[in-house]
Amino acid sequence: RKEVEQDPGPFNVPEGATVAFNCTYSNSASQSFFWYRQDCRKEPKLLMSVYSSGNEDGRFTAQLNRASQYISLLIRDSKLSDSATYLCVVKGGTSYGKLTFGQGTILTVHP
Amino acid sequence: GAVVSQHPSWVICKSGTSVKIECRSLDFQATTMFWYRQFPKQSLMLMATSNEGSKATYEQGVEKDKFLINHASLTLSTLTVTSAHPEDSSFYICSARVDQPQHFGDGTRLSIL
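Protein chains in written order, with our numbering: chain L, 1 to 111; chain B, 1 to 113.
Here chain B stands alone, though its shape is the one from the complex:
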């Protein structure tokens, strides 16, 4: 079945650091990938839709200059959390659409000290 790989799975870094998270579709081409964020005991919230070769579409309230998305190929989308602060600590999950349903990466747990 379709597999989505996400890297790294866990990041701990100092406040002010920029962190890049990769999302790869391993056995299929994904023109569209999605980035979600999940805070403890809360639901997954869609942050942005990443489209290969074009600008990402951000959900309301998500700062595009803070969360940079690059989808340069059909198998890779990256999310960069720029100048991360403790309030950015969360579980970030990507997914790729292959018909239905979406297939999720393993998630990246980001902790900003």
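For reference, chain L alone in the conformation it holds in the complex:
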């Protein structure tokens, strides 16, 4: 079983749509959780951290369920510029714990 699993998609949605991505992780000792965005042939960039209480940043909402070891990302009012690969990332329990990346979910927003 992969340490971090995501639905690879692709998700093809029209502008203005709401889309949700899911992610599960296997290491219950994981401490920190993130969503990164990666554009084609570019380095990943942090989209947002994910907290147990859930957090929102504009059109993006992230949720964490530790009991189920499940992370989600909701994008509302999708824009063309949201087209990218979204990476679910989990960090281990130590201060220098490594980041483990999911394979990514591809999103394409079309006019």
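To be clear, the hints were calculated from the coordinates, so they are not data collected in a lab.
A quick note: this is a predicted structure, and the numbers were derived from the prediction, not measured.
Here a beta-carbon is modelled for each residue, glycine too, at the ideal position from N, C-alpha and C.
Careful, some of the hints might be misleading.
[Said to hold, decoys possible] Calculated cross-link-like contacts (lysine-lysine; reagent style BS3-like; alpha-carbon spacing at most 30 angstroms):
#, chain 1, residue 1, chain 2, residue 2
1, L, K45, B, K20
2, L, K45, L, K98
3, B, K41, B, K64
4, B, K55, B, K14
5, B, K64, L, K42
6, L, K45, B, K55
7, L, K2, B, K55
8, B, K41, L, K79
9, L, K42, L, K2
[Unchecked claim] Beta-carbon label-pair distances, calculated as ranges:
#, chain 1, residue 1, chain 2, residue 2, range
10, B, Q60, L, K79, 24 to 30 angstroms
11, B, C13, L, P111, 29 to 35 angstroms
12, B, L74, L, E5, 34 to 40 angstroms
13, L, G58, B, E59, 22 to 28 angstroms
14, B, L26, L, R59, 28 to 34 angstroms
15, L, A20, B, H7, 37 to 43 angstroms
16, L, G58, B, N70, 24 to 30 angstroms
17, B, S111, L, P8, 20 to 26 angstroms
Mind docking chain B on chain L? Use the hints.
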């Protein structure tokens, strides 16, 4: 914000060549840097953790003699792919840890002919 610079951004060379990739932290000191590799349509995979002044820690399955890491200063880590072969062609990305999260370099696209 923290900036990590990676050089070169693109390398094309013949099989058997050794290739050095540099990763620099531009406005902060990084005692720890990370090297990742990403094959097409796959996720980033951590190759090794580079520690300033000491030996790198390699992930399982990564050959330390093949992928030489040197972290001689607080702002520079280098990855040398020795005697590169076509199967080493990939996207190599470094990152440096500054609290949370890690900051990534632009990546190096390596193509071995």
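Taking each numbered hint in turn, which are not upheld by the structure, reported in ascending numerical order? 10, 11, 13, 16
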